[in-house]
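Assemble chain B onto chain A, guided by the hints.
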Amino acid sequence: MPVMNIKKFSFTYPGVDHPSLKSITLPIKKNKITALIGPSGCGKSTLLRSMNRIHDLYPGNKYDGKIELLDLESGKYRNILEIKKENEFIELRQKVGMIFQKPTPFPMSIFDNVAYGLRIAGIKNKSELSDRVEAALKGSALWKEVHDRLDKSAMGLSGGQQQRLCIARAVAVKPEVLLFDEPTSALDPISTGAIEELIVELKNDVSIAIVTHNMQQASRISDYTAFMYLGDLIEYDKTENIFLNPKEKQTEDYITGRFG
Amino acid sequence: MRLQLNKLFLALSVFSALIGLGFLGWILITLFVKGLASMHLSLFLNDLVDGGLRNLIVGQLILAGLAALVGIPLGMVAGIYIREYGRGKYAELIRDLSDIMVSAPSIVIGAFVYAFAVAPFGGANGFAGVIALSIMMIPIIINTTDSMLSLVPKELREAGIALGASKYRVILDIVIKAAKVGIMTGVLLAFARIAGETAPLLFTSETSNYFSLDLRDSFPSLTVSIYNLANEPEKSSRDLAWAASFILTAMVLIINLVGRYLTRHKK
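Just so you know, the sequences run in chain order A and B.
Our numbering applies: residue 1 is where the first sequence begins, and numbers increase by one.
Our numbering applies: residue 261 is where the second sequence begins, and numbers increase by one.
These are computed hints drawn from the structure, not numbers from a lab.
Careful: at least some of the hints might be erroneous.
[Claimed, not checked] Quick list of the computed label-pair ranges, beta carbon to beta carbon:
hint: 1; chain 1: A; residue 1: Asn87; chain 2: B; residue 2: Lys414; range: 22 to 32 Å
hint: 2; chain 1: A; residue 1: Lys126; chain 2: B; residue 2: Lys349; range: 43 to 53 Å
hint: 3; chain 1: A; residue 1: Ala186; chain 2: B; residue 2: Val512; range: 42 to 52 Å
hint: 4; chain 1: B; residue 1: Ser363; chain 2: A; residue 2: Asp131; range: 55 to 65 Å
[What the hints assert, rightly or not] Which chain B residues stay away from chain A? Per the calculated CB distances, all over 12 Å, these:
hint: 5; residue: Gly282
hint: 6; residue: Leu329
hint: 7; residue: Glu352
hint: 8; residue: Ser358
hint: 9; residue: Val362
hint: 10; residue: Ala371
hint: 11; residue: Ser407
hint: 12; residue: Glu415
hint: 13; residue: Glu418
hint: 14; residue: Ile421
hint: 15; residue: Gly424
hint: 16; residue: Ser426
hint: 17; residue: Ile436
hint: 18; residue: Lys437
hint: 19; residue: Val441
A quick note: this is a predicted structure, and the numbers were derived from the prediction, not measured.
C-beta atoms are modelled at their ideal positions from N, C-alpha and C, and glycine is treated no differently.
Okay, chain A solo, but in the shape it has when bound (with noise of 0.2 Å):
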């Protein structure tokens, strides 16, 4: 049963006549990584930015289809495009957390970064909160680094320790789903390597989607492979047969470097 369903999902940008996205259905399966790839404009970001709707940042675009949430007690879906009240849209970020391109650490302490989700979530219980900041640090493979600064401001961090603080961030709310928009593709080979590890470690808790331009990448970490081009979805299969086997032409083309 895939936690979330994306079926014939449009999506189009204001001020633009064609749609970025053309009527995309796609699975994102439980406890597995599920990667979005393709060339720069393909619309594999603009997808994965749906599916949290934090697009909904920047008024004024268009949706169509649905893009379904699995509510793990009831076992049913729910339409997150027809999500409205506020209150929904933070139990839905939750729910679908994410990991940017940039590490976005806020001006603050360790401790109160990794908390922050959590405070918003209504959780004022010290303890509760210092327990669930150690397991989520330890749960990012940061806590040996930090455990004795966490009352230092996280800016001081690596460009690495910063991104690993950010899934801490995100793993602290325990979300259903993480959502990885490129999120090694400003990290050096080594700090690329730790957090290609913690988000296979990740996929035992949560289910997982990541764009990345790095198909290396692609291959060693996902469980199953979305190609996109220019608003489509090519081809989406299991990555080993993506990329050993694909039925495109096009799939081939890219993934052998022909273009893109």
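Frame of chain A; chain B shown alone:
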């Protein structure tokens, strides 16, 4: 050839810089020499009526302080509005108007406030002075707030929203924090700017020779008194004007330096 041109332009730039700095140095040295010569502890203990400056210093600080109390929150809220909430023409209009207001001649602002806050009430009053200074301050604060917020990357806002925070929470908790040092510096520089203004006060609060905390009447002001004292024939008055100028410059300079120190301290 290129090297010579390079040298020529370098020489020209240094020369023009020296002209500007030379005059500034001249002003500061004159102020220092003449001001310091007339400086005396009693200036801080007596009011103008007794040959001191106490009431003027206090009055100037009260006027500027109250104007800051009105201008800073209004300007900040407006700046946050046009950067974070305002969309399209309306916000653009406010931004343009505020740009124009920054460079509006201060005497015009003084005359404008005179027309609606002095003339109808039968005479100079401190409130009118505060209003005039606030009107000068608000657009400066709007511009600083606006430009400092524009430096905060949009990803930071998105990251806050992505954690389930509402827009106003993100602005309060994250965006303003990220821009805090810049905004504070801008606020201090704006304060320094209005603290030394004469023209907006000339028609509005005028000045007074006596110590006063009553804003309903003409209100003591260092700058306006400098203007008056400098026009007096007696040497003692002009010496007093020099001393007052020195104190005023020192005050403004200190606020400026604190502002600059804060920005540097950040890095």
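Hints, one by one, checked against the model:
1. A:Asn87 with B:Lys414: 22 to 32 Å: holds, 24 Å
2. A:Lys126 with B:Lys349: 43 to 53 Å: Cβ of Lys126 of chain A to Cβ of Lys349 of chain B: about 48 Å, so the range 43 to 53 Å holds.
3. A:Ala186 with B:Val512: 42 to 52 Å: holds, 43 Å
4. B:Ser363 with A:Asp131: 55 to 65 Å: holds, 56 Å
5. Gly282: Consistent with the label, Gly282 of chain B stays out of reach of chain A, its closest Cβ about 42 Å off (over 12 Å).
6. Leu329: holds, 26 Å
7. Glu352: At roughly 17 Å from the nearest Cβ of chain A, Glu352 of chain B sits farther out than 12 Å, so the non-interface label holds.
8. Ser358: holds, 24 Å
9. Val362: holds, 28 Å
10. Ala371: holds, 42 Å
11. Ser407: holds, 18 Å
12. Glu415: Violated, because the least Cβ-Cβ distance between Glu415 of chain B and chain A comes to about 5 Å, which does not exceed 12 Å.
13. Glu418: Violated: least Cβ distance 6 Å, not greater than 12 Å.
14. Ile421: The claim is violated: Ile421 of chain B sits with its nearest Cβ about 6 Å from chain A, within 12 Å.
15. Gly424: violated, 4 Å
16. Ser426: Given a closest Cβ separation of 6 Å, the condition is violated.
17. Ile436: violated, 10 Å
18. Lys437: The assertion about Lys437 of chain B is violated, with a minimum of 5 Å to chain A.
19. Val441: Its Cβ does come within 12 Å of chain A, the nearest being 10 Å, so this is violated.
Figure legend: structure checked against the earlier numbered hints; hints not met, in rising order: 12, 13, 14, 15, 16, 17, 18 and 19.
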